[in-house]
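A.B. asks: As a plain string of letters, each chain reads:
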Amino acid sequence: MKKINADKIVWLILLILSIFLVLFPIYIMFKYSISDRRSWITGGEYPVPWWPFKPTLEMYKYYLGDKRFWSNGWLSLKIALLTVSFSLILGTPAAYSLARFKFNGKAFLLFLILAIRFYPDISSVIPVSYIFNKSFLYNLPNEIKISLAHCLLSLPYIIFIAQGVFETIPVDLEEQALILGTSRFYAFLRIVLPIAAPGLAAGAIYSFLLSWNEFVFSYFITATSVSSEVPLPVYLKTLLGSFSPNLVSISTLSLLVSIPVIIFTFIVQKYMIAGMIKGAVK
Amino acid sequence: MAELKLMNINKRYPNGFHAVKDLNIYVSDGEFLSLVGPSGCGKSTTLRMIAGLEDISEGELYIGNRLSNDIPAKDRGIAMVFQSYALFPHMTVEANITFGLKIKKVPEKIRKEKLNWVLELLDLKGLENRKPAELSGGQRQRVALGRALVLDPDVLLLDEPLSNLDAKLRVKMRTELKRIHKKLKSTIIYVTHDQAEAMTLSDRIAVMKDGKLMQIGTPSEIYNNPANKFVAGFVGSPAMNFISGELKLIDNKNYFVFEMGKIELPELLKEKIKESIKGKDVVLGIRPEDIEISFEKDNNSLTGVTSIRETLGSDDYVTVEMGNILLTVRVEPEKFIPMDEKCYLKLKGNKMHLFNKDED
Ligand SMILES: Nc1ncnc2c1ncn2[C@@H]1O[C@H](COP(=O)(O)OP(=O)(O)OP(=O)(O)O)[C@@H](O)[C@H]1O
Ligand SMILES: [Mg+2]
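Residue numbers (UniProt numbering), protein chains in the order written: chain L, 1 to 282; chain F, 1 to 360.
Do not take every clue at face value.
[As the list claims (entries may be wrong)] For lysine-lysine, the following DSSO-like pairs were computed, each having C-alpha atoms within a straight-line distance of at most 30 angstroms: (1) F:Lys102 x F:Lys183; (2) L:Lys278 x F:Lys248; (3) F:Lys274 x F:Lys262; (4) F:Lys253 x F:Lys212; (5) F:Lys357 x F:Lys346; (6) L:Lys278 x F:Lys102; (7) F:Lys114 x F:Lys209; (8) F:Lys274 x L:Lys102; (9) F:Lys335 x F:Lys357; (10) F:Lys114 x F:Lys21; (11) L:Lys134 x L:Lys102; (12) L:Lys278 x F:Lys112; (13) L:Lys270 x F:Lys185; (14) L:Lys278 x F:Lys131; (15) F:Lys348 x F:Lys278; (16) F:Lys209 x L:Lys278; (17) F:Lys168 x F:Lys248; (18) L:Lys54 x L:Lys278; (19) F:Lys209 x F:Lys357; (20) F:Lys125 x F:Lys182; (21) F:Lys104 x F:Lys114; (22) F:Lys104 x L:Lys278; (23) F:Lys21 x L:Lys278; (24) F:Lys209 x F:Lys274; (25) F:Lys212 x F:Lys185; (26) F:Lys348 x L:Lys278; (27) F:Lys262 x F:Lys182; (28) F:Lys168 x F:Lys105; (29) F:Lys168 x F:Lys280; (30) F:Lys172 x L:Lys102; (31) F:Lys125 x L:Lys278; (32) L:Lys237 x L:Lys8; (33) L:Lys270 x F:Lys102; (34) F:Lys348 x F:Lys262; (35) F:Lys272 x F:Lys212; (36) F:Lys105 x L:Lys102; (37) F:Lys182 x F:Lys114; (38) F:Lys209 x F:Lys5.
Since the hints were derived computationally from the structure, they do not count as laboratory data.
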């Protein structure tokens, strides 16, 4: 009995520690975002307080009333949702074929799919932005260009995650559906996809986050664009040093940026039910 | 309703494994055929080829006079219950059972009727809104069976549908199956490990081993006239006794001679010896119920020592030692048999079987 308790305490401490690690930066950001001037520019005369002397929502008011923030945010959201859709539409069938069909060179193909992630984004950005800026793709709207570029980054993960998910679904289920009179495609749609949904949802959240936070590709692709709208991470970068209470401004914007992610995650999480496959086979 | 013809069917898996070899089976319309054999002998593979889930490497498959090798699974008029149930985990019992009917665009009213009929039949009432995860193993198996039955299939393929039920439910479902078969008159191919199940259910039994058909026949043919040692040993419980020895002709009479004695073989076996026995080395087979145990010397009997008595409820079995050879003998439950006593065994002449030594 005693040993179990000791175990529990260790787990609890680790849990609290990790929550603290995650929440502490958010606390710092939040503190600055609501700081009045005196609470962060101290001139070394007194320590920076743990809580602002006079909390203020000035910066929030400023950004929520800022047209550029809204239009850039809208662009970012469109890019992220398009990235999720493109990656799922392209990645799910690819993963399904990898999971279900036997063919030569499967391992090599998987290797190739991962290849784009073998070196830092900053080095792949040159060929990628070259392609988007120097070919007919240049004329596509920014959200399409950037989301296609983001697919390059998210597809390898989506394919890997989805392949793993499909492999856990017994082939028997599809075969049974075939015998009951469905086509292969219908069996995939009605049987495989619903069962795979929780795993795919995890992939969707991942690619949403990836796209929402992505800076390098977005920056280089929008650099040559005629449109003045840029995704939020790029917008955030342009603010560095351009605004006077810049710590407060950046903190506020960063927190605002995280809100859609939280909403998206909550929506998608509904599909992440564990044990979907239970009861299907003995 | 449909008859089924398997002609020289072979299955080679992509990895080169030859899982089914030259299978020839004819199943007549409405027949109940059991496919039995040890694990890995190709029962499921055969079923999957009939269902259209597995390509036929060689040979021809006819379903109701139609060459069906290349007909897709959904157009074969077949229903199948998988060894693994294969229930759709995200659907309720009701949705699982009516799935096939919906695909076939059966009107809602008829769907409901069939659903109710099957729920009643399989004792699943009240569970229609549960998901498979909320069912017991036996209930899942019955849902899988129900999903096939509602389709009124011409041919029903069952891959060990009762294997996960407890003994009582199993016997009940066995009777149910038989009743259902009588009513639906579907052609049924039933795969099982359990030879007792096969014996009670089937019109005919096909015994397979290593991808080959060993024998096909009515339960009594299989039991009383096993074609080889394998079939003889596979069917019947407790299993047939086997004694290795050789044939000898003494005074123009056939004798079976082995290390612990000799036995005169009945006239009945003379033909068989001429036809199918090659060489002198043979195996004599005799079922436990075809041996009489006594304590008085008799001519043409074997000598042994009683050693263990086991009871199976309705019958008792005594193990008799003859040197290294152990024979199982059935005795009446009331009968007193002293243990560790010298005894004499008389084999019923018309129930003796002879097999070639090197055959399976
Ligand atoms: N996809 C496959 N590729 C290669 N070999 C296979 C494949 N599926 C089955 N086999 C082999 O074919 C043989 C027959 O398998 P099958 O599933 O038909 O056996 P079974 O008689 O149904 O056995 P059980 O009673 O255990 O279900 C086995 O030796 C098995 O290992
Ligand atoms: Mg099997």
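A.B. asks: For a quick check of understanding: which of the numbered hints are violated here, in increasing order?
C.D. replies: 2, 4, 7, 8, 9, 10, 11, 13, 16, 17, 18, 23, 26, 27, 28, 29, 30, 32 and 36
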